[in-house]
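Peer 1: Got chain A; can you put chain B on it based on the hints?
So the sequences go chain by chain: A and B.
So for the first sequence, our numbering puts the first residue at -12; every next one is plus one.
So for the second sequence, our numbering puts the first residue at -12; every next one is plus one.
A portion of the hints provided could be inaccurate.
Pairs count within a copy or across copies, as identical chains cannot be separated in the list.
Stated by the list, open to error - Here are the simulated SDA-like cross-link-like pairs (lysine to any residue), alpha carbons at most 20 angstroms apart as the crow flies:
| # | residue 1 | residue 2 |
| --- | --- | --- |
| 1 | Lys200 | Glu176 |
| 2 | Lys200 | Arg172 |
| 3 | Lys15 | Glu1 |
| 4 | Lys85 | Asp140 |
| 5 | Lys85 | Arg0 |
| 6 | Lys15 | Met(-12) |
| 7 | Lys15 | Ser(-3) |
| 8 | Lys15 | Ser46 |
Everything labelled a hint here was simulated from the structure, so no lab data went into it.
Residues per chain, in single letters:
2 protein chains.
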Amino acid sequence: MRVAHLGDSSAGRELVEGMMGAGHDVVKLEDPGDLREFQALVVGVGDARLEATVEMLESFVFDGLIVIHTCLSRGVQVLDPLEAHGVVAVAAAPFAQKRWAISALDELGETIASLIVGEMGATTVEYRDTERPGLAARVYYARMLRRLARHADLFEDEPPELLGNVDSEEIVAAFYAIEEPGLRRSYLESARRLGEVELREELELWALQEENK
Amino acid sequence: MRVAHLGDSSAGRELVEGMMGAGHDVVKLEDPGDLREFQALVVGVGDARLEATVEMLESFVFDGLIVIHTCLSRGVQVLDPLEAHGVVAVAAAPFAQKRWAISALDELGETIASLIVGEMGATTVEYRDTERPGLAARVYYARMLRRLARHADLFEDEPPELLGNVDSEEIVAAFYAIEEPGLRRSYLESARRLGEVELREELELWALQEENK
Chain A
-12 MRVAHLGDSS AGRELVEGMM GAGHDVVKLE DPGDLREFQA LVVGVGDARL EATVEMLESF
48 VFDGLIVIHT CLSRGVQVLD PLEAHGVVAV AAAPFAQKRW AISALDELGE TIASLIVGEM
108 GATTVEYRDT ERPGLAARVY YARMLRRLAR HADLFEDEPP ELLGNVDSEE IVAAFYAIEE
168 PGLRRSYLES ARRLGEVELR EELELWALQE ENK
Chain B
-12 MRVAHLGDSS AGRELVEGMM GAGHDVVKLE DPGDLREFQA LVVGVGDARL EATVEMLESF
48 VFDGLIVIHT CLSRGVQVLD PLEAHGVVAV AAAPFAQKRW AISALDELGE TIASLIVGEM
108 GATTVEYRDT ERPGLAARVY YARMLRRLAR HADLFEDEPP ELLGNVDSEE IVAAFYAIEE
168 PGLRRSYLES ARRLGEVELR EELELWALQE ENK
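One chain only, chain A, in its complex shape (with noise of 0.2 angstroms):
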């Protein structure tokens, strides 16, 4: 399959790594106007973007064309624009060790997402919309914890490949789906200490903020 990517963050790049293992020609989307050359879109782009992006991909999509967007914390009816025009409408990211968070508008959507992570050797669990704030607020927060006990001890054998990737972007996406009085203070604490040992500047002055509110 020919496949196109879009955006920069790390859940779009495990995908696309995932799909380049499983043999897929997986190629940087340079100009939407390209997208006729491709069977798959994978749309990497985090939680604040994503409907600007659907947004201005919709006059480039076409009938038949497979789009994946990697968010953890929305579900697949922000892609609806695209679904209009045809396209098979899939959210598939990864939340634990192989195994990817899925939600699908219908029945194809979900056996094509299974293909695709099944290539990779995971597997998929199904989500509805409704639950995936709730579950990428979780998952960021155990792995901005791990990744902060790695670095406090070096004596573990943690294997590194537990600790997971987080973007900055979306921690701070994923905490306004918090309720819990406890979870949100630990959240923002942990994000602020994660900002200062991993010199992420604007994930610890965000958590400041959001501290001092």
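Peer 2: Frame of chain A; chain B shown alone:
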């Protein structure tokens, strides 16, 4: 070897369970007057009660008795009053998967510690007394974070034994060795959150009070 076990710290329990697994005969010490029946004594009490326990033991120990305390945040010198009575003094505490932090007053103590820890299938790392408080703080902080991560997501396949026990009173005692402000803040917030999710009220309360100082 006949081994007496005093105290109920989790590190102490881990040591005597390992020694029992290696075939030693471990008995809970009910009356310090019975110490003469033993070749070794495991002092499994926390940081805050270590001095008082040593003082209490002073009139019961004897030449050649092996005395091991299991408090990670304390060096071996806290056992000096017993060493004056001819005991072999050792500090031995688990700080990572199958690794024990060892401090001893002499080569005999080091050798005995290596033998006991080796029998349990673990290895020793020697630490100077002055290094132990900072080591304990980092280790407890990392354990708190991993326990919180585990609580937040139930998806990871992380083996539970990687989590590590950590007593609330040891978390409290080790905190005061931390000088870096960011780490102090994150340590307190982690303790507070761990108190919330693991229902350790005294820990939560302590963290709250420290945060408001």
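Peer 1: From the Cα coordinates, with 20 angstroms as the cut-off, is the pair Lys15 and Ser(-3) best called within, between, both, or neither?
Peer 2: within (14 angstroms within a copy, 53 angstroms between copies)
Peer 1: For the identical chains here, do Lys15 and Glu1 meet the 20 angstroms Cα criterion within one copy, between copies, both, or neither?
Peer 2: The answer is within: 14 angstroms in one copy meets 20 angstroms, while 53 angstroms across copies does not.
Peer 1: For Lys200 and Glu176, with the copy left unspecified, which applies at a CA distance of at most 20 angstroms: within, between, both, or neither?
Peer 2: Answer is both: 14 angstroms inside a copy and 18 angstroms across each meet the 20 angstroms cutoff.
Peer 1: As a check of your reading, is Lys15 near Met(-12) (CA-CA no more than 20 angstroms) within one copy, between copies, both or neither?
Peer 2: For Lys15 and Met(-12), only the intra-copy Cα distance (14 angstroms) is at most 20 angstroms; the inter-copy one is 68 angstroms.
Peer 1: At 20 angstroms max between alpha carbons, let me know whether Lys85 reaches Arg0 within a copy, between copies, both or neither.
Peer 2: within (15 angstroms within a copy, 36 angstroms between copies)
Peer 1: If the cut is 20 angstroms between Cα atoms, do Lys15 and Ser46 qualify within a copy, between copies, both or neither?
Peer 2: within (19 angstroms within a copy, 77 angstroms between copies)
Peer 1: When Cα atoms must be at most 20 angstroms apart, do Lys200 and Arg172 count as within-copy, between-copy, both, or neither?
Peer 2: both (12 angstroms within a copy, 18 angstroms between copies)
Peer 1: Since the copies are identical, ignore which copy is meant and state whether Lys85 and Asp140 lie within 20 angstroms (CA to CA) inside a copy, between copies, both or neither.
Peer 2: Between copies only: 15 angstroms across chains, 25 angstroms inside a chain, cut-off 20 angstroms.
Violated hints are absent here; each numbered hint is respected by the structure.
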